[in-house]
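S.K.: So the protein sequences, as listed, match chains A and B.
This note's numbering puts the first residue of the first sequence at 58, with every later residue one more than the last.
This note's numbering puts the first residue of the second sequence at 58, with every later residue one more than the last.
A portion of the hints provided could be inaccurate.
For identical chains, the list gives no copy identity; a pair is met inside one copy or between any two copies.
[What the hints assert, rightly or not] Dumping the calculated BS3-like pairs for lysine-lysine here, alpha-carbon to alpha-carbon at most 25 Å: (1) 428 / 680; (2) 424 / 680; (3) 267 / 98; (4) 745 / 424; (5) 355 / 533; (6) 116 / 680; (7) 735 / 533.
Quick caveat, the hints were computed from the structure, so don't treat them as lab data.
Number of protein chains: 2
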Amino acid sequence: MIANNWIFWFIPVASILALLFAWIFFRQMMKESEGTDTMKKIAQYVREGAMAYLWQQYKIVIVVFIVLCAFFAVLAYGFGVQNGWVPFAFLTGGLFSGLSGFIGMKTATHASARTANAARRSLDSGLKVAFRAGAVMGLVVVGLGLLDISLWFIVLNHFVEEATDTQKLVIITTTMLTFGMGASTQALFARVGGGIYTKAADVGADLVGKVEAGIPEDDPRNPATIADNVGDNVGDVAGMGADLYESYCGSILATAALGASAFFLQADLQIKAVLAPMLIAAVGIVLSILGIFIVRTKEGANMKQLLSALGKGVNTSSILIGLAAFGILYALGIENWIGLSFSVISGLVAGVIIGQSTEYYTSHSYKPTQKVSESGQTGPATVIISGLGLGMLSTAIPVLTISLAIIMAYLCAIGFDMKNMLTPHNLSLGLYGIGIAAVGMLSTLGITLATDAYGPIADNAGGNAEMSGLEPEVRKRTDALDALGNTTAATGKGFAIGSAALTALALLASYIEEIKIGLQHIGRNVLTFADGVTVNVSEASILDFMNYYQVNLMNPKVLVGIFIGSMMAFMFCGLTMNAVGRAAQSMVNEVRRQFREIKGILTGEATPDYARCVAISTRGAQKEMLLPSILAILAPILTGLIFGVSGVMGLLAGGLGAGFVLAVFMANAGGAWDNAKKYVEEGHFGGKGSDVHKATVVGDTVGDPFKDTSGPSLNILIKLMSMVAIVMAGLTVAWSLF
Amino acid sequence: MIANNWIFWFIPVASILALLFAWIFFRQMMKESEGTDTMKKIAQYVREGAMAYLWQQYKIVIVVFIVLCAFFAVLAYGFGVQNGWVPFAFLTGGLFSGLSGFIGMKTATHASARTANAARRSLDSGLKVAFRAGAVMGLVVVGLGLLDISLWFIVLNHFVEEATDTQKLVIITTTMLTFGMGASTQALFARVGGGIYTKAADVGADLVGKVEAGIPEDDPRNPATIADNVGDNVGDVAGMGADLYESYCGSILATAALGASAFFLQADLQIKAVLAPMLIAAVGIVLSILGIFIVRTKEGANMKQLLSALGKGVNTSSILIGLAAFGILYALGIENWIGLSFSVISGLVAGVIIGQSTEYYTSHSYKPTQKVSESGQTGPATVIISGLGLGMLSTAIPVLTISLAIIMAYLCAIGFDMKNMLTPHNLSLGLYGIGIAAVGMLSTLGITLATDAYGPIADNAGGNAEMSGLEPEVRKRTDALDALGNTTAATGKGFAIGSAALTALALLASYIEEIKIGLQHIGRNVLTFADGVTVNVSEASILDFMNYYQVNLMNPKVLVGIFIGSMMAFMFCGLTMNAVGRAAQSMVNEVRRQFREIKGILTGEATPDYARCVAISTRGAQKEMLLPSILAILAPILTGLIFGVSGVMGLLAGGLGAGFVLAVFMANAGGAWDNAKKYVEEGHFGGKGSDVHKATVVGDTVGDPFKDTSGPSLNILIKLMSMVAIVMAGLTVAWSLF
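Please put together the full structure from these sequences, using the hints given.
M.R.: Here's what the structure looks like:
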């Protein structure tokens, strides 16, 4: 069928274009000088630490992948409850996800000293180096994502043999969906391991360095400072990259599977519906590259101008992709192309609103965060209370936005046919619309991720400038770049959570497609309802499955699933919070030991043992990431084996509902605490060193695992649980207890 | 029909028996002396403050009730979308709930000085006075609850006219269900207002008194100390009482409604199924009174013996009610009486397990809380992180327990007919089983609430002893009583949350019954399905409604409802957390002002202005409780008007899932912080006054609104949202947008 659709080839071409530009930007960045010898040395330390960590992580991940792959192979070839492609799809997903994390981090660790050095020339040069380095990450993620999708599409198109083309396309899209689990699993370890690493180092460095010894952030006398800078790379770069790689692929694949199902009876439309999400993503790549080139500032730009320069790039890409959606869907000749284009736009707009609301709640230019600073006047306890309160309240706008986006995407896709809103055909079409909205939100990932990855690079550049003892003027510039990075990081986090929620919803819908395939795979081709009516599985609608499995809110299996899903989100956070606590504790003990045993560290006469702190963070992260990760993988499998399809769907819905809200709460509370401290440091309520400052430092420390470990890991949890459920669909239908 | 069932009269008799024993215990307690003049004076202050607060609260609640009643009257008599009994049922529910809060608090405020005075004689006498006073509360709640139910049953039986007895019983039970909303609304204000009051006073008193001025807890020099003691009464006594009154009535009424529906086609069984939950509750009252009499200790009993004395009373009642369930259900001649008896037992056992797990996670006799203390060695930030981690992890056991209880109650009720688990008949029967499990859990409320209300009474007795300057020996005894109270309070909180979850689930199931009545009320007597099949509303099964409204997890309205429900739980907590923060802030300012302006307070030469602090807490609570309360009432109404039945059910399920887990998390984190501080005060990690102690005081302060304001208020939120949905069912089916 591809042969008839020359338009398909636009997709691999766009992916290669992305990789090409990533390579160009990488070369450009590498041509910059790394600056003085000290700067080089420090950059080298950070690079080595980051790479050492990544290799350690990959070693463990490889073991996990081997175990899971063997498990899938047994299920597929031993028991025949699964498609034989699954183990391979799983592997490539993991491989490509790991690769994008690796490249992104390599780029980031090369870019930080270069950014600091460029900042010696001018603020603008610094911004350019850092942002282009971020763009490498953004483009690698979208490029590899779409490349993997294209390759699998070509391979499966060649090998899959089915009676009809429509049936074949269903098999292809549902098989491809399972490669998302590989990406998810890799992402989980990257996010959880990286998150634990970075915050163990950060909290440890802060607790002893800032609070006990009273030395500033990134001071070279602090033994944990290199580990802290390594952490920014492994957590915020590699972790974030793997997370969004997964959302990106997940949303495209889920939508393709929903499209194959929604248009099952119309062979000509079906292939178009499958290609549409991929094409929107492909056009998004081109427009992202365009947006990246738009980001320029004049010499001597101030903060506001810098922010608007970034904003201009992102907004241009977003508006253009919105317009392009109409063109793509029209050109494809999709039924109701206008409506579906508005579905794309509802996703795009939701992404922007969530980003804005994140900024409102976490930036100290606004009231909420300033109030958290103010509450420091009555000590650390009230800082914590007000930060938690702020975080909880801040969930309202994102949830209402996503809810509105879901409803709008659905209704647009069915052409506002309200009277028949939930007929089988409209349900398929509407869910496809929700998937398309997720794709729309993520279509600008090339550039949004660039602004996101820019943050830790600027942060590290500041660290490098501080440790290398560069002139105050330079540090001021890197501080400005860092501050900009904090804002983009906050909006980026909102975007990551929002897109994870929409993607998870699309995955939930496509779960039913996998159930269908699973049933056929084990030879159950007919659904027999309680009243004796029979429906062929291959022709059964989503609604038929809902009724057959009674996936309604009065089924105790669904209700129990919702309870367990909600609990999973909290338990997962509890495990990661405690992991950071324990790992930070070891770091604190190590730093205290070095201050005590290595004479002359605090006077600057002796060099601390940075490597040891790096090793401690690495070991801590490795040890602590296993339990939460295994739990996330086991929960949907066990729920499926015990409670069957309806239990699993309850689990996913409960995990999605509670997990999304919890993730927003944690990210925003953490962000607000961070900036509340910065607000005090800018001279409010007594400024640096005052009691209010000390109180807000406590908030900041609590916020660290909130915003950088547990909160972001939840994004993966909700997607991974869906992915595991999807891959295990065959197992669930074959063997579930009741 | 009642005439044929003499057994019905056992229910009002049991309720009057409860009230009689409550009166006897109250008289006994009042006969005790209040001790020295100082003790009397202090008790008088607290009593006046508590009563002043309660009247203020009732004033606001009356306004809210008038508004809501007028609204219901317009809906019922103006638009005819509602049953005409609703406004009256709503009123009595509120009245009786308010009354039990009032009596409980009056008793508690009379009991504290008497407990302190009795403790001058012996530990045992102190225990007896405090526990019997707590029993007054327990028995008043169950007595008034069952009395209200009995009276309405008699009245409606007299007035409701229907063609058949079975139809009549459906109307009676669904009408009675709406009186729960009155109780819920009253409970919401009691919990939220009381919770804000008590923690504003507590946090304010601690922040300035303990942390800044360095004076001990309950020191008479602290101007906020009387307000703090008042707070224990309005929050922990009146709030807790109203909360459990609501769970108690809600579970009985929901189960009765489910019973009327499940046995709709078997007139002889139907009345029995309706009476069964009431009879179990009635027998529970008798056995609770028995249990109360069992609580005795020998002279000179130690802590462990005290605890086992209480435990003996509760456990005896629980075991006996478990056995009695078999007898009641057998005597009634209910279909599958053995299975349903095991449903009762699954509820009872779940209550016990949740209580035990709460104790494990919050008592400093166990590892988790000790680790929180230990984390104080690295400052307040790690105390907060580890406490939050502990709270999140602690959600696992309660959620799994409730999940297991739900499944067991369901399966027992349908006689483990796994193959037909979800047929219409088995679904009704199974949901009835879940309701019966909730009734089982709450059947021992008479005695469990007694041990619960005992806590704040003992706490206040300690406060009185401290302020009156009684001998150290007496204070040691009141400290022992207080410590016992902390343990019972923790298990009581777990019990309150668990029972709220089961009750909310039963309410969710009975929501469909109200939808049925609502449809008939507006004259829609036939459901026409998409495929043209029609079903008479009066004969439609729960499953028919699920299919008709497509309350499944692929319906975007359901999914959006789940999102919004999850968000409601967080937002509600955010509002109450911030409310405590703001109210505490005013208290801090006032206490600081008094220390500054009234010379000689700290030297004991001048008396602080206690009344002003009481007034500030009262004003703060009044002002702050309105917004969260209105939100909780509006959310289900608006969701219903926009998204209809399926959206409301999503809202309730999402709110229940996230709300339950969040409530457990907050209660346990708060409890652990409290006891982690106590553990340090007992001399670990440096003891009182050390840096570790200061760090754990921060945790304790953060934990105050967690465990006493936001956490417990969530119990009401999840029940109230269901109750509002139930009362508004007519509105939803008549006018929903889509």
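S.K.: Confirm or reject each hint.
M.R.: Here's how the hints hold up against the structure:
no.	hint	in the structure
1	428 / 680	between (38 Å within a copy, 19 Å between copies)
2	424 / 680	between (40 Å within a copy, 21 Å between copies)
3	267 / 98	within (24 Å within a copy, 50 Å between copies)
4	745 / 424	within (20 Å within a copy, 37 Å between copies)
5	355 / 533	within (18 Å within a copy, 73 Å between copies)
6	116 / 680	within (13 Å within a copy, 57 Å between copies)
7	735 / 533	within (15 Å within a copy, 46 Å between copies)
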